[in-house]
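Student: Sequence:
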Amino acid sequence: MQYDHKGIEGKWQDEWRRRGTYRVSNDPSKPKYYVLDMFPYPSGAGLHVGHPLGYIASDIVARYKRLCGFNVLHPMGYDSFGLPAEQYAIQTGQHPAKTTEENTARYRQQLDAIGFSFDWERQVFTSDPSYYKWTQWIFLQLFDSWYDAKADKARPISELIACFEKDGSTGQDTSVLTGDIEEFVGGFSADEWNGFHEGTKQLILGHFRLAYRSEAWVNWCPALGTVLANDEVKDGVSERGGHPVERKRMPQWSMRITAYAQRLLDGLDALDWSDSIKEAQRNWIGRSEGATVRFPLGDDFIEVFTTRPDTLFGVSFITLAPEHVLVGKFTTADHKAEVMAYVEKAKNRSERERQAEVDKVSGVFTGSYAKHPFTGAEVPVWVGDYVLAGYGTGAVMAVPGGDQRDWRFAKHFGLPIIAVTEGADVDKEADERKDATISSEGFLKGLKVPQAITRAIQELEKLGAGEGRINFRLRDAAFGRQRYWGEPIPIYYKDEIPYALPESELPLKLPEVDKFLPTEDGEPPLARATNWNYQGHPLETTTMPGWAGSSWYFLRYMDPHNAERFASPEAINYWQQIDLYLGGSEHATGHLLYFRFWTKFLHDRGWIPFDEPAKKLVNQGMIQGVSRTAYVYKLSWAMIATTAASYSGPTIPLNAAPTVLVPEEVYLAMKEGTLTEQQSDRLHEIEREATRLVKDQLPGHAGRLFVPGVEGGAVAFPMNVDIDLVDEKGVLDIGRFKSWRAENATTLTWDDSPYVCVPFVEKMSKSKFNVVNPDDIISKYGADTLRLYEMFLGPLEQSKPWDTNGIEGTFRFLRKFWNLFFSGDGVASTHGVDLPTVTNDPPTKAELKVLHATLKKVSEDIEKMSFNTSVAQFMIAVNELGALKCHKRDILEPMTIALAPFAPHIAEELWEKLGHAESITTAAWPKFDPQYLVEDNFSYPISFNGKTRLQLEFPIALGKEEVEAAVLANPEVQAKLEGKAPKKVIVVPKRIVNIVV
RNA sequence: GCCCGGGUGGUGGAAUGGUAGACACGAGGGACUUAAAAUCCCUUGGUCCGCAAGGGCCGUGUGGGUUCAAGUCCCACCCCGGGCACCA
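Remember, the working numbering sits 2 above the position in the first sequence when you count from 1.
Since the hints were made in silico from the structure, they are not lab data.
Be aware that one or more of the hints could be misleading.
To be verified - Result set (SDA-like, lysine to any residue): computed pairs, CA atoms no more than 20 angstroms apart in a straight line:
{"#": "1", "residue 1": "K887", "residue 2": "P844"}
{"#": "2", "residue 1": "K203", "residue 2": "K13"}
{"#": "3", "residue 1": "K331", "residue 2": "S370"}
{"#": "4", "residue 1": "K978", "residue 2": "A959"}
{"#": "5", "residue 1": "K13", "residue 2": "R110"}
{"#": "6", "residue 1": "K362", "residue 2": "A343"}
{"#": "7", "residue 1": "K447", "residue 2": "T309"}
{"#": "8", "residue 1": "K978", "residue 2": "N939"}
{"#": "9", "residue 1": "K731", "residue 2": "E667"}
{"#": "10", "residue 1": "K636", "residue 2": "T748"}
{"#": "11", "residue 1": "K770", "residue 2": "G732"}
{"#": "12", "residue 1": "K511", "residue 2": "Q537"}
{"#": "13", "residue 1": "K517", "residue 2": "Q93"}
{"#": "14", "residue 1": "K851", "residue 2": "K992"}
{"#": "15", "residue 1": "K982", "residue 2": "L952"}
{"#": "16", "residue 1": "K617", "residue 2": "T631"}
{"#": "17", "residue 1": "K768", "residue 2": "W820"}
Said to hold, decoys possible - Restraint-style ranges between C-beta atoms, simulated for each label pair:
{"#": "18", "residue 1": "P756", "residue 2": "D6", "range": "34 to 42 angstroms"}
{"#": "19", "residue 1": "L952", "residue 2": "D6", "range": "48 to 56 angstroms"}
{"#": "20", "residue 1": "K866", "residue 2": "G811", "range": "19 to 27 angstroms"}
{"#": "21", "residue 1": "A99", "residue 2": "S27", "range": "28 to 36 angstroms"}
{"#": "22", "residue 1": "D302", "residue 2": "E200", "range": "25 to 33 angstroms"}
{"#": "23", "residue 1": "H245", "residue 2": "G444", "range": "47 to 55 angstroms"}
{"#": "24", "residue 1": "D516", "residue 2": "H563", "range": "32 to 40 angstroms"}
{"#": "25", "residue 1": "K517", "residue 2": "E463", "range": "57 to 65 angstroms"}
{"#": "26", "residue 1": "Y501", "residue 2": "H563", "range": "28 to 36 angstroms"}
{"#": "27", "residue 1": "G208", "residue 2": "H245", "range": "29 to 37 angstroms"}
{"#": "28", "residue 1": "D302", "residue 2": "Q800", "range": "51 to 59 angstroms"}
{"#": "29", "residue 1": "G208", "residue 2": "C70", "range": "46 to 54 angstroms"}
This structure is a prediction, so every number in the text was calculated from the model and none was measured.
The beta-carbon is built from N, C-alpha and C at its ideal position, and this holds for glycine as well.
Please build the complete structure, drawing on both the sequences and the hints.
Tutor: In C-alpha cells form, the structure reads like this:
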C-alpha cells in the first residue's frame, strides 16, 4: 500500500472538523498550557512558506503538551483592522470589511491545508464589533484612570478627584521626566479646585488620565490623511505605502505608557524572552540618570537635562530644539527673521532625516544669553536641529569638551571649547570617557566623573538650580488615527470637552461613509458619517491604531463569546498567562511593549491577576527567498554616435527595445569596462541584430534608434526573474521569459548555451518574484512533509533560505515510515485491519533501544524547541528500524504517537489502521525508559596528545585505572608509544582516553 | 558609534570542554528494470603517500591564550545579518 498523502490529509482534515477534535474547553480538572502565535494581519497576498514556520513550531508544542496531559489553548484569529485594506478600499471603492473577509477566508483555507490544531471556535477578528466593543471598553478604563506615582499603579480617576476635593494638588510629580514636553500643571488648593469650572476641571484631569488628548508632535502623512506612530514611519515615509511624512503639532489622543516606563523595564528581568528582544525594549525605554539644570534668562529660564552634570563648568552655549516652545520668546528682534526661517525649515524635516545627516551641522544664534547657575557667566543660546524636541527637555547644555555632537557644533560655528577632563585633546575631539578626572576650573576640579556627578547634583539642589532626575526615552504613544478602518474611539464632545461614552452605548460601531478618504477640510473619514454624534454631541472622529486590538487579544481567546465581559474571571484565572508566545522579532518594540503596558494596566485596575502577558517568548527566524537574477542589457545603440541629451532622432519605447540576456561574467566585464575583444565583437554583433529586429517593427525608420530611459554608455542591469521561470539548476526558460512580460517579448541571448540565473538570498516577497507558495508544496508532497521540512531546515530562531530541493529528504522519510507498516510482504494482519506487516512479536533489545533513544531525544528537543534535531532523530530511527526489519506494534505504536505532533495526518491514519477508534490526539505521550539505553560496553576513542588514533572497546563497569591498564597493555597502543613511557594518561569514563607523550 | 545574533564541507545544518562534519540535499558509482519512475546499497571536508589494506598532514572567519584536550572558554581583530541612534 502506497503512502497517499492527498487522500490521508484530506480525510483527516475533514474528520477533525467533523469530530471537533481541536475544540478546547476551560476544564479546571486538567493543568493548562497556553500557546499563542502572534496575531497575523490578513494581507491580500496570502501565505508564503515563511509564514507558517512559527505556527508549525507552536502546533508541535501544542500537540505535544496535549499528549502529555495538558489542556492546551492554541487559538488563532486576525488583526483585521489596518491600513492596507483601507488603501485598497480607497483605490477600488470596495468596503475594507469585504476585502478583509476575502483575505481571511483565503488565510483560513491555507492554514487548514497545513493541519493545525487551532480551535477555530475561538477565532477572533479585531474588526468584529463584538470584539472591539471590549477594545473600546478598555479604552474607557484607561480614560477613567490616572497613575499614582506613590502607589506605583493606576487608580480610578474618581479617587484623584476625591483627593483634589479634599487636599487640592501640589502639581505634578516631577521626579521622573518622561519623553514628552508636557505642560506644567501648577498646584491648587481644595477650595480652588471646588471653585473651578467643569471645563477647567476636565482640562486638569486630562493631564492625569492614562488616555488623554493633548497637543502633540506627530508624524503627519498628508497623502494618507493620517498620523503615524514612530515605528510606522520608515526612512521619512510611511511604512505602508511609502508616502512622505512631516512633523506637525496637533490635538491627539495619546496613551500615557511613560507612566509605566520603570515597571516595563523592571518586568523584563523575570521574563523568559530572548536577550535581543529584552535588550531592544530596554533601549527603547531608554532609562538614563542625570540631572535637570535651569539656566536663568531674564524673567524665565531654560531647563536642560544632562547625564553629565559633572561637565557643567565646560558649558559654552545652550542649544534648543527648533520646536522648543521658548525659541520664539528668547530670540532677539535682530535675529528673529533668521531664526524663524531656520526653525521653519528644520522642523519640517523628518526626525529621521535630521538624524541621518550627521556631517551637516546647522544651527542659528538667538541673540540671547542665559546665566550659568554656578559661574554666572553669560551663555549664548542657539537653536540646532541636532537637538530633538521629544527627548529630555528639548534643550541641551552644550559641553563641546565632553560631547562629540556639541564639539562638532562648536567647531562649525567657532564657539569656545573648554576642556573638562584631564588628558583630553579638545582640538581633535571631545573626551567622552566616563572614568576621567575633571579638570575644568571650579569646585569639581580633581574629582572623578562619578563623584563629580554626585557633587554637582548636590550643589544644584542647594542653589535650587536643578535636581537629580531620571529620564526615559520612551514617549507617550500616539493613539488616534485619521483613518477609517479602525476601532472608533468612544468619546463625545460637550463644549469641546471630551467625555466618555457610557458603557451601555458600546460597541460604538464604525459608521458607513461615502468615501474612505479624509474630508475636504482635512477631517478624518468618520466626519463624513451622518449622525455621527451622541445625544447631539459630536463623536470623536479619529480611530484607534493597529496595536489597540492586538494589545489584549490573548485574553479574549480565553472566553471569546462572552457578551458581558471581555473574558470571565473564571476563564482568566484558569488560563492565566501565555506559556509560550511565538512570533517575529520585528514586533520587539511595537506590539510587545503595548501588549505589556495594557496587561499591567488591567492588572492595576483589578481585572486580571497577572501583570505580564507572556512568560516565554520565542522569535522565529525569517525564511528567506532565493531570488534568481538575470543580467539584462537593454540596447541604446544610439550612444555610439551621440549622447542622450543631444540626440533628436527617432526613438522607441524602452518596452519595445529588445532584451539581451548577458552572462554574469559579461555583465561584470561591462561594469568594470574590461570586456575582451571577443566579448566586444559579440556585443556589437548582437546590437546590429537587435537594430534589424526593431527596424522591422518600426518600418520607415532609418539609421540608429534611441531608447529613452537608457543613458548613453549603458551597461546591463540585474533583474529579478520569477523563480517559476527557472529550473532547479537556474536555467531560464527563454520561451516563458518572453511571454512573462511584454518588454521581454524580443529577447536575444549571448550564445546558444542555457542561460543560468544566479541565485541569491533575500527577503521573500512578491515584489522580488521569489515567493514559494505552501499550497504548491502541499499538493506535491503533502502538509506533513511541509511541516517536517520547515522544521528540518534549521534552528527555529535563525533566518534561513528556503530551498525546495531539499524537501525530498523529508518526503522520503515519511514514505519509509509508512513502509514500516506496509512493506507489502503479506505478513499476518493484526486486529483484522489492513496492516499486512505489523506483528505483535516482542521487540528485541536493539529495537527498544532505537525507540527509547528517539523518545528521549524528541522529548528533550521539543522542550528546547530544537525541532530540526528531532526530525533528524526520527530519520535515524526509521533508517535503523528499516535495517532491523522491525515491523512490531510495540515499537511502531509509540513511534507513531511521537511523530504525531510533527506529522499529524500520517500519524492519525496509521493510528486508525493500528485499530484505534479514538483520535491519536487523545493518546498519552510515551515516556522513555532509560533502562533500554544502558550500554554494556563503550568504544573509547584513544587519543595521543588530543588526537584520536584508535578505538578500543571496554565494559562500562570498568574503572579508570582498569581502563588505563587495559589501554596501555594494548599492543597497538604500545606500538604507537614506541617504547616510551606516557607522561600522563587521562581517562574520562564513557568519554575518552587521552595519552600524553 | 552602541546593542543583539552569527561565521563549521558544494548546500541546509549537527556537536553537556572529550572521536568535528550527525541528519538531509546535491554529486559520483552500483543493484533492480526492456526503459523510466520509485526503491535499495556504496563513496563523498581538503590534501599527500600507497597496487592495496591502510596511513600521514591540514581543517570550524583571523591572530594569540588557557587546558591532557578548544567549533565550544578567555583576549584582540575581521566579516555578515538584525535592531537602535546627533538620546544630551
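Student: The structure should be examined with respect to each hint, and the outcome stated for every one.
Tutor: Now the hints, each set against the structure:
| no. | hint | verdict |
| --- | --- | --- |
| 1 | K887 to P844 | holds (14 angstroms) |
| 2 | K203 to K13 | violated (66 angstroms) |
| 3 | K331 to S370 | holds (10 angstroms) |
| 4 | K978 to A959 | violated (26 angstroms) |
| 5 | K13 to R110 | holds (18 angstroms) |
| 6 | K362 to A343 | holds (17 angstroms) |
| 7 | K447 to T309 | holds (18 angstroms) |
| 8 | K978 to N939 | violated (24 angstroms) |
| 9 | K731 to E667 | holds (18 angstroms) |
| 10 | K636 to T748 | holds (11 angstroms) |
| 11 | K770 to G732 | holds (16 angstroms) |
| 12 | K511 to Q537 | holds (15 angstroms) |
| 13 | K517 to Q93 | holds (10 angstroms) |
| 14 | K851 to K992 | holds (18 angstroms) |
| 15 | K982 to L952 | holds (18 angstroms) |
| 16 | K617 to T631 | violated (44 angstroms) |
| 17 | K768 to W820 | violated (36 angstroms) |
| 18 | P756 to D6: 34 to 42 angstroms | holds (36 angstroms) |
| 19 | L952 to D6: 48 to 56 angstroms | holds (50 angstroms) |
| 20 | K866 to G811: 19 to 27 angstroms | holds (22 angstroms) |
| 21 | A99 to S27: 28 to 36 angstroms | holds (31 angstroms) |
| 22 | D302 to E200: 25 to 33 angstroms | holds (32 angstroms) |
| 23 | H245 to G444: 47 to 55 angstroms | holds (51 angstroms) |
| 24 | D516 to H563: 32 to 40 angstroms | holds (34 angstroms) |
| 25 | K517 to E463: 57 to 65 angstroms | holds (58 angstroms) |
| 26 | Y501 to H563: 28 to 36 angstroms | holds (30 angstroms) |
| 27 | G208 to H245: 29 to 37 angstroms | holds (31 angstroms) |
| 28 | D302 to Q800: 51 to 59 angstroms | holds (56 angstroms) |
| 29 | G208 to C70: 46 to 54 angstroms | holds (51 angstroms) |
Consistency note: the structure conflicts with the earlier hints numbered 2, 4, 8, 16 and 17.
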